[in-house]
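Asker: Chains as they are written, first to last, in the working numbering: chain P, 16 to 358; chain Y, 16 to 358; chain S, 16 to 358; chain E, 16 to 358.
Rather than coming from a laboratory, the hints here were simulated on the basis of the structure. All of these numbers come straight from a predicted model, not from anything done at the bench. Treat each hint with caution, since some may be false.
It does not matter which identical chain is used: a pair holds within one copy or between any two.
The list that follows gives simulated cross-link-like pairs (lysine to aspartate or glutamate, EDC-like), each with its CA atoms no further than 20 angstroms apart [stated by the list, open to error]:
| no. | residue 1 | residue 2 |
| --- | --- | --- |
| 1 | Lys344 | Asp80 |
| 2 | Lys146 | Asp191 |
| 3 | Lys129 | Glu313 |
| 4 | Lys59 | Glu39 |
| 5 | Lys146 | Asp268 |
| 6 | Lys240 | Glu259 |
| 7 | Lys240 | Glu124 |
| 8 | Lys58 | Glu197 |
| 9 | Lys58 | Asp268 |
| 10 | Lys129 | Asp324 |
| 11 | Lys240 | Glu262 |
| 12 | Lys59 | Asp224 |
| 13 | Lys274 | Asp175 |
4 protein chains.
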Amino acid sequence: MIGIGIIGYGYWGPNLVRNFAEAEGSRVVAVADRRCERLQLAKKRYPSVKTERDPTLIFSDREVDAVAIATPVSTHFDLAMQALEAGKHILVEKPLASTSEEVIRLMAEADRRKLVLMVDHTFVYTGVVRKIREIVASNGLGEIRYYDSVRVNLGLFQHDISVIWDLAVHDISIMDYVLSSEPCAVSATGVSHVSGEPENIAYLTLFFDNNLIAHIHVNWLAPVKIRQTLIGGSEKMIVYDDLEPSEKMKIYDKGITVKRDSPESIYNLLIGYRTGDMWAPQFDRTEALRTEASHFLECVENGQRPLTDGSAGLRVVRVLEAASQSMNKRGHPVELSAGGGSA
Amino acid sequence: MIGIGIIGYGYWGPNLVRNFAEAEGSRVVAVADRRCERLQLAKKRYPSVKTERDPTLIFSDREVDAVAIATPVSTHFDLAMQALEAGKHILVEKPLASTSEEVIRLMAEADRRKLVLMVDHTFVYTGVVRKIREIVASNGLGEIRYYDSVRVNLGLFQHDISVIWDLAVHDISIMDYVLSSEPCAVSATGVSHVSGEPENIAYLTLFFDNNLIAHIHVNWLAPVKIRQTLIGGSEKMIVYDDLEPSEKMKIYDKGITVKRDSPESIYNLLIGYRTGDMWAPQFDRTEALRTEASHFLECVENGQRPLTDGSAGLRVVRVLEAASQSMNKRGHPVELSAGGGSA
Amino acid sequence: MIGIGIIGYGYWGPNLVRNFAEAEGSRVVAVADRRCERLQLAKKRYPSVKTERDPTLIFSDREVDAVAIATPVSTHFDLAMQALEAGKHILVEKPLASTSEEVIRLMAEADRRKLVLMVDHTFVYTGVVRKIREIVASNGLGEIRYYDSVRVNLGLFQHDISVIWDLAVHDISIMDYVLSSEPCAVSATGVSHVSGEPENIAYLTLFFDNNLIAHIHVNWLAPVKIRQTLIGGSEKMIVYDDLEPSEKMKIYDKGITVKRDSPESIYNLLIGYRTGDMWAPQFDRTEALRTEASHFLECVENGQRPLTDGSAGLRVVRVLEAASQSMNKRGHPVELSAGGGSA
Amino acid sequence: MIGIGIIGYGYWGPNLVRNFAEAEGSRVVAVADRRCERLQLAKKRYPSVKTERDPTLIFSDREVDAVAIATPVSTHFDLAMQALEAGKHILVEKPLASTSEEVIRLMAEADRRKLVLMVDHTFVYTGVVRKIREIVASNGLGEIRYYDSVRVNLGLFQHDISVIWDLAVHDISIMDYVLSSEPCAVSATGVSHVSGEPENIAYLTLFFDNNLIAHIHVNWLAPVKIRQTLIGGSEKMIVYDDLEPSEKMKIYDKGITVKRDSPESIYNLLIGYRTGDMWAPQFDRTEALRTEASHFLECVENGQRPLTDGSAGLRVVRVLEAASQSMNKRGHPVELSAGGGSA
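One chain only, chain P, in its complex shape (with noise of 0.2 angstroms):
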């Protein structure tokens, strides 16, 4: 039995803890939050937890194998720190820290205790980012030519972090799970409508090799909620729209044909439009943080090491970041040194 120390009972927190008490193989040990009324609510739904101000308190606690730390991005750092150098396994909300560099320390000390270190991109958990990754590896696509996604709805506003950080996050994580290829630079827009707060509305547009683009538009300031996804591929192409109940997931069957009479020749070259079924597969419903809880729960017991690893977690902060800067200077193009997030 793991026992498992969460630090941060706000938004995310409340669905770690009902995933590990509910999970076989760990139960929670504590629960950290600075707010009395957080903790006093946790202590309603689980009498039998110990519910602390001090995190620190949880470092220490020899009950505690693992911690998962759901608290403000600009925390993550320290606290991730403190877990390993108490010889916790953590798990860490997305994105991993606030800067590549932070995430190489944590992975220098994760690797030199050898301790698990993951981060929670919790998309790449969900049965339909799987079955869209199955489907993409084998090829069901054909050559990706776009990955296209929208990510909006009104709040939550954080104030440490912008929209990029918060929201594009889940998409560069999907994308680093289900394409093969990393992107070579990023330009990014986006303006913040509160003065002195992060940008609130933000669109990237990541360009990889072999003419794949894809863009991402976020933005906390939108009346109507959209999760939607296009996955262009030479032969088919997705629809993912996360908000529907049922078929989260149609591939059309549809596609240009292109014909040159000589490869010169503008001329003579004829673009046929192709329309053929659409269909949506059935994936696994699962909540994804309960494969997700499993997935860690596994890797703490076998020294294994997670899908989502620091690497993994490396490389998304370093498109954030490059994100970040191209948007300070009104889409200016970033180049992104390829491979490096590779162990």
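Dock chains Y, S and E against chain P, hints included.
Answerer: Then chains Y, S and E, alone, in the frame of chain P:
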């Protein structure tokens, strides 16, 4: 009775013919197209209309008072200039010409000859866009914060222009009509998936003063058709979905409230979320081209300057030029000289 | 070249004219309508077509080989009989006539004179309904268990017939085409909200053998337009939404599995739920009336019996009659004598 | 602190436990269920709650003041009667009992002992249904003309009751709350597709005075989940879609206008169509069961009569009985004696 000649009987030409045929105050005299099979089709539907392969026969036709041009963009300038030189009023499909320089020359020629020069920015003549402008102009949304449009579908690939000049032109012309200010810079990205052909996917960010940002996503290679625009204001927000059969425009009484204890302190800044009613106002459902044809005829009749005159066409083409330039440099921002299009 | 006369240039007539005008093998000779303004409209669009207020001029017109009738239902029988007596083939808008007796008399007259009698059950000629029939006929859904249709919108109120004869007739004719069996009884309910006028809301249940049940909901007073049909089979189920722009028909691989330990025991009966993929097959998108006009012309040319012949019209009218009878008695079931409509 | 015992920890029981556990003013004392694995689940989540296989241990438990019953309908009467006889207040899942006679006996027993008898007509406690009632009651729709509801999905097949008693009961209880009048007759049809089991598809028409008609379509064998209600008034109409995440209720300012030259003449009657704005008002989004639990606790505390009391339960069960009777006779209408359920 104003005699109309139409050049180009492909995708859009038949709509022009039908509307000028049914309009009061005009009659269709002649139709020109290079392709015999298109002329046969026109003849079958309108037995009394002259059909010509050579457009110059239209320019020299004394029964023709005005010419509507619905041909590929690369031919607009030559045909439009010849029409003006022959003393005909002109209505030119969007975009008005291939370069701003061409537009300026057409404007000068029309001015000199006191002929009507109108560009077919069709959406400006739809009831729904007019309603949106009315709401925005009467400050119904508060201060405008962003304008975001998605206009994607499968096809029709153009050979002489990129998807920006084909699809984004609609959004730029709507924005030009709806918003009271002009963009000061643009960052655009895009890619072509057919070697040797213009870009078929593009993303444009338009920067305005006052933290207003606009973004346009256009794509000829999407599995589904989407026509969705979000307009965010400080008080209310619009979702305009042109594919909705009845409620195309919805106004959401949603937004944020910002409270600060002191102007500097980030910790005391509290953002609240406000959710009120949604409503969908009625609007005029007349076919846009019908309204537009009437307006054109009225301008010809009375020597009036049309709503979508050369200046409007110029403002739009200047944004298209800047966007193309930026797209070639992977999003590098391109400044727009303000007010360039004003007479 | 078959000469066509069209009687009635109201809502549907213009579609008939357009399709027979554009069809190969036919030309529109004359159009009749009582209303001068409708005839003027026809004249403006088709200057070479004769327009008459008196339909008998069409019956006596030697250039007219066949007559299409698109007038109120109460006038169908008289006009159709006169046309047959004048030796013209006929295509009559649905429903074929006001009573089954009238239908039988028309069938006899057409048979006697060897003229084509076709009823305009339009949906039978749509690609999507044909695809559904193909799937059902090839046992793609397993045994059919139910057929449920909703066809509601605001307007158009008819004065001479109830909403059953105006809207449910579509569903009954689709069912007649898609299902292999005929209903044995009907229970219908409905109400009129305009005093002195026929019912504007109605609900029909059709009973078939083998536990197949069908239901139709029709309403002229609905705030939204709905055209949705569910077809439940033992293996798969169809959702057919005629307002969907692209994927009108979706097939769900869903259903129940029934396990019994012993045939009697209710406690040992276990019902499981099966959820597989959904898919939306492609289908022919030709305009229904175009397919239908071709079919009619072919039947006239070759003396063929049309798919929607008098017998089909009779089967449908018999259900309409029984439904009206039941509706007058608040749902009291009315038996239908089987096979009545077969030749 | 009111002590609550819950009988039945299947589909609905966990929601009752959660809400009474989190409500102020109550604590969950004990949970009973025949199935050990369900009790284990309850124990894991609520370690301090007693779990029993025998419900009589709950009736004899002195810490239990009130009992919530969420078991199959056929067991409601016995369990509820025992609870009342043991002096416990009761909240019974819908429908209150299997027959109106049983309901009457429970009402009498509760009255005699001055105990609260409340039926769990959940939807009556949702913000959206309360908003609808408010609008209807304030004459916001004009005179109500029809109420039409579709409530279909795949599963859960019940063994002791038909789909009418399982699903239509929701609509009947909503109507009972929203409309000011009671139905005077019902015609119902339905069918069972599993031999020996109750009907899994049913259609109910409810007749009211004043040309108000209601219809309910319920189905356990549908490929898709639909929860859609249309309420037609003489002035405005509501579309209530319970599956819409945000705008569940839309009000359409649509309808007809009737003009008559003379009262008799059918030919001079002109029906016009009126289309105005649509709007979606905000409503309280509190979980229904939370509101309901509070109301129950308040009634217990103060000896109040609940909104959904025995009379409401009786009115609903009477409609269910009549509908079942009509369904056995293929839609033959069954009269309902008015006012039966009023105290």
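Asker: Determine for every hint whether it applies to the structure shown.
Answerer: Hints versus structure:
Taking the shortest Cα distances, Lys344 and Asp80 never come within 20 angstroms of each other, neither inside one copy (44 angstroms) nor across copies (51 angstroms). With identical chains, the CA atoms of Lys146 and Asp191 are at most 20 angstroms apart within one copy only, with a shortest distance of 15 angstroms there and 41 angstroms across copies. Only within a single protomer do Lys129 and Glu313 lie at most 20 angstroms apart by alpha-carbon distance; the minimum there is 15 angstroms, versus 57 angstroms between protomers. When the C-alpha separation of Lys59 and Glu39 is checked against a cutoff of 20 angstroms, the pair qualifies only between copies, where the shortest distance is 12 angstroms, while the shortest distance within a copy is 22 angstroms.
For the homomeric pair Lys146 and Asp268, the shortest alpha-carbon distances inside one copy (17 angstroms) and between copies (18 angstroms) are both at most 20 angstroms. For the homomeric pair Lys240 and Glu259, the shortest alpha-carbon distances inside one copy (12 angstroms) and between copies (12 angstroms) are both at most 20 angstroms. In this assembly of identical chains, Lys240 and Glu124 lie within 20 angstroms of each other by CA distance neither inside one copy nor across copies; the values are 39 angstroms within and 49 angstroms between. For a Cα distance limit of 20 angstroms, the shortest separation of Lys58 from Glu197 qualifies neither inside one copy, at 44 angstroms, nor across copies, at 48 angstroms.
For the identical chains of this complex, Lys58 and Asp268 are neighbours neither inside a copy (52 angstroms) nor across copies (37 angstroms), given an alpha-carbon limit of 20 angstroms. In the homo-oligomer, the alpha carbons of Lys129 and Asp324 lie at most 20 angstroms apart inside one protomer (13 angstroms), although the nearest pairing across protomers, at 63 angstroms, exceeds that limit. For the identical chains of this complex, Lys240 and Glu262 are neighbours both inside a copy (17 angstroms) and across copies (12 angstroms), given an alpha-carbon limit of 20 angstroms. When the C-alpha separation of Lys59 and Asp224 is checked against a cutoff of 20 angstroms, the pair qualifies neither within a copy, at 53 angstroms, nor between copies, at 51 angstroms.
For the homomeric pair Lys274 and Asp175, the shortest alpha-carbon distance between copies (17 angstroms) is at most 20 angstroms, but the shortest distance inside one copy (52 angstroms) is not.
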